[in-house]
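**Student:** Listed below are the residues making up each chain.
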Amino acid sequence: MSIKILQPGLFSTIQDRGRMGFAKFGVPKSGAMDLYSAKIANLLLGNSENEALIEITLMGPKLEFTQATQISITGLAASVKLNDDKISLNKILEVRKGDQLHIQQILKGARLYLAVKGGFDSEEKLGSKSMYAPITNSSKIKKGDEISYHPFNSSDEKKHAHIKFNENYFNDEIEVFAGPEFEQLSEILKLNLFRKEFSISKNNSRMAYQLEETFENDLKPILTQPVLPGTVQFTPSGNLIILMRDCQTTGGYPRIFQLSEDSINKLAQKKQGDKLKFKLIDL
Amino acid sequence: MSYKNPTFKAFNKQAILITWDEIIDENLLKFILQYKKIIQQNWLKEKVEVINTYNSLLINYTFTIKNLYDEISSLKSLLKDVEISNMLKVNQFTIPVCYDVKFGMDLKEISNKNHLEISQIIALHTQPNYTVFFTGFLPGFLYLGGLQKELYISRKKSPRLDVKKGAVGIGEKQTGIYPQNSAGGWQIIGNSPLCFFDASKKNPSPFQGGDKLKFESISLKEYEEIKKEVGNNSYQFQTEIYEY
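Chains as they are written, first to last, in UniProt numbering: chain A, 1 to 283; chain B, 1 to 244.
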């Protein structure tokens with residue numbers, strides 16, 4: 001049994017919680033950009049948190065189920081149709097053999113997560129199903145792909161009605177810890193960085209989000225150092241680049257902030273033109 | 001700051017960063033690698049991942065660190081177990097590279113800019129016993145130390161979009177091998193037929209920080225032969241044990 005991809009949407013990938021233990025080989029962690037929404041999608045169905053699901057970006061795919069199962073779609077707001085019926089997000093949905101699901105457009109936020117009961121059974125490399133070429137063969141879901149899932153057995157049905165998707169999780173405050181090079185910033189610059197409102201540039205992807213605003217940067221470059229998803233790099237041209245889940249394992253730009261895990265998830269729901277403010281918090 | 005006195009910092013709630021002076025130095029690397037090994041032995045149960053760069057260690061935990069202060073003091077207490085004089089036992093690799101101009105499209109540029117014959121560039125590049133400091137940038141990309149000063153050259157003004165897998169390049173004071181097709185700004189001097197990263201293997205790369213590596217010049221014909229062996233999985237990396 002599988003999902004047939006009739007239209008892939010703008011950019012849809014398979015993700016779980018990512019690759020752990022391969023950073024020493026220079027392998028990005030990958031995994032769902034918004035791990036919060038991905039977790040809720042799995043838990044609604046009684047899946048483990050790490051089951052592979054489909055991450056959908058801005059414009060959704062159209063797909064067909066070859067076997068009855070249960071699904072969940074989590075996110076902030078989107079127009080989604082199951083056959084001809086409008087359906088709502090963040091709950092368990094029954095699908096029958098031959099049903100067509102069309103995720104038309106994401107109306108609020110930037111990403112949706114489509115989970116299936118028991119998880120998708122796609123190519124696993126280095127302990128994860130997260131798509132990242134050339135670790136995995138494909139970098140995204142393509143038209144005509146068939147992604148298999150485990151059969152749904154109604155006898156092991158678990159109800160997880162108490163799992164709730166909390167919209168308030170996604171406020172605009174991006175919480176950061178001081179990064180390794182934070183103390184090298186001038187006091188005026190520190191003040192400005194926390195006072196200013198930033199906007200997301202068109203250069204935003206699973207690898208990194210670049211912000212529009214620039215500042216004069218007189219920090220000296222650093223030797224290549226470890227970086228993590230959520231590391232905010234300050235480039236010589238004065239740009240702020242927030243590394244995301246598919247980022248490299250090392251980098252040579254000063255690391256001024258480190259986003260909290262929650263803030264990485266929040267940022268993953270932002271798109272070009274969206275605003276944010278940084279707030280410094282203690283570890 | 002001595003080797004025994006690095007700075008410790010929580011990177012986030014699941015990672016601790018330990019940083020030494022910003023230097024590229026083999027003795028510091030040996031010290032860091034020993035310390036890394038001691039940490040891994042002591043934190044076996046907790047499943048931490050420790051990666052090193054030239055002058056730092058990053059310890060990634062699979063869970064939120066309960067008490068950062070306690071965690072950092074236990075890490076600090078392990079520092080005294082590192083013996084500066086200890087020998088490091090590593091693998092010595094020999095990496096075949098074809099420096100034919102078919103692959104080495106920037107050999108002429110380096111020849112002009114650095115006033116060297118192409119044969120001298122090859123001789124200078126195959127002479128050192130390079131040190132693998134760590135892997136980063138791309139899966140399987142080795143940060144090597146030991147490039148001869150005569151070969152230092154600035155990066156291309158604009159990066160190429162299609163550097164081929166196996167390309168051997170020079171960028172400023174560094175040399176390295178592109179493990180996959182990639183965009184890149186380094187000056188390309190040759191190509192190695194070997195596979196530097198294989199995601200279908202449990203151990204996708206045979207290289208570790210501290211390993212030694214020499215380049216060996218091969219002909220186009222030898223290149224094709226080795227490429228064939230790599231293709232049908234019958235090629236074995238040439239290694240021996242090295243202590244320093």
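Do not take every clue at face value.
No farther apart than 27 angstroms at their CA atoms in a straight line, the calculated lysine-lysine pairs in the DSSO-like style are these [unchecked claim]:
1) K156/B <-> K279/A
2) K9/B <-> K202/A
3) K270/A <-> K202/B
4) K202/A <-> K279/A
5) K66/B <-> K13/B
6) K66/B <-> K220/A
7) K37/B <-> K156/B
Cβ-Cβ distance ranges computed for the label pairs, FRET-style [what the hints assert, rightly or not]:
8) K164/B <-> L283/A: 14 to 22 angstroms
9) Q272/A <-> E26/B: 40 to 48 angstroms
10) Y69/B <-> E175/A: 29 to 37 angstroms
11) E124/A <-> N67/B: 49 to 57 angstroms
12) G127/A <-> S85/B: 49 to 57 angstroms
13) R195/A <-> E240/B: 57 to 65 angstroms
14) T126/B <-> S237/A: 34 to 42 angstroms
15) L44/B <-> T235/A: 32 to 40 angstroms
Here are some chain A residues pointing at chain B (derived, C-beta under 10 angstroms) [said to hold, decoys possible]:
16) T57
17) L107
18) L126
19) N168
20) F170
21) N171
22) F177
23) Q258
In case anyone wonders, no lab produced these hints; they're calculated from the structure.
Beta carbons: idealized from backbone N, C-alpha and C, even for Gly.
**Student:** If a hint holds in the structure, say so; if it doesn't, say that too.
**Tutor:** The hints, checked one at a time:
no., hint, in the structure
1, K156/B <-> K279/A, "violated (39 angstroms)"
2, K9/B <-> K202/A, "violated (33 angstroms)"
3, K270/A <-> K202/B, "violated (36 angstroms)"
4, K202/A <-> K279/A, "holds (23 angstroms)"
5, K66/B <-> K13/B, "holds (9 angstroms)"
6, K66/B <-> K220/A, "violated (34 angstroms)"
7, K37/B <-> K156/B, "violated (38 angstroms)"
8, K164/B <-> L283/A: 14 to 22 angstroms, "violated (43 angstroms)"
9, Q272/A <-> E26/B: 40 to 48 angstroms, "holds (46 angstroms)"
10, Y69/B <-> E175/A: 29 to 37 angstroms, "violated (21 angstroms)"
11, E124/A <-> N67/B: 49 to 57 angstroms, "violated (35 angstroms)"
12, G127/A <-> S85/B: 49 to 57 angstroms, "violated (38 angstroms)"
13, R195/A <-> E240/B: 57 to 65 angstroms, "holds (59 angstroms)"
14, T126/B <-> S237/A: 34 to 42 angstroms, "holds (37 angstroms)"
15, L44/B <-> T235/A: 32 to 40 angstroms, "holds (39 angstroms)"
16, T57, "violated (22 angstroms)"
17, L107, "violated (32 angstroms)"
18, L126, "holds (6 angstroms)"
19, N168, "violated (21 angstroms)"
20, F170, "violated (20 angstroms)"
21, N171, "violated (19 angstroms)"
22, F177, "holds (6 angstroms)"
23, Q258, "holds (5 angstroms)"
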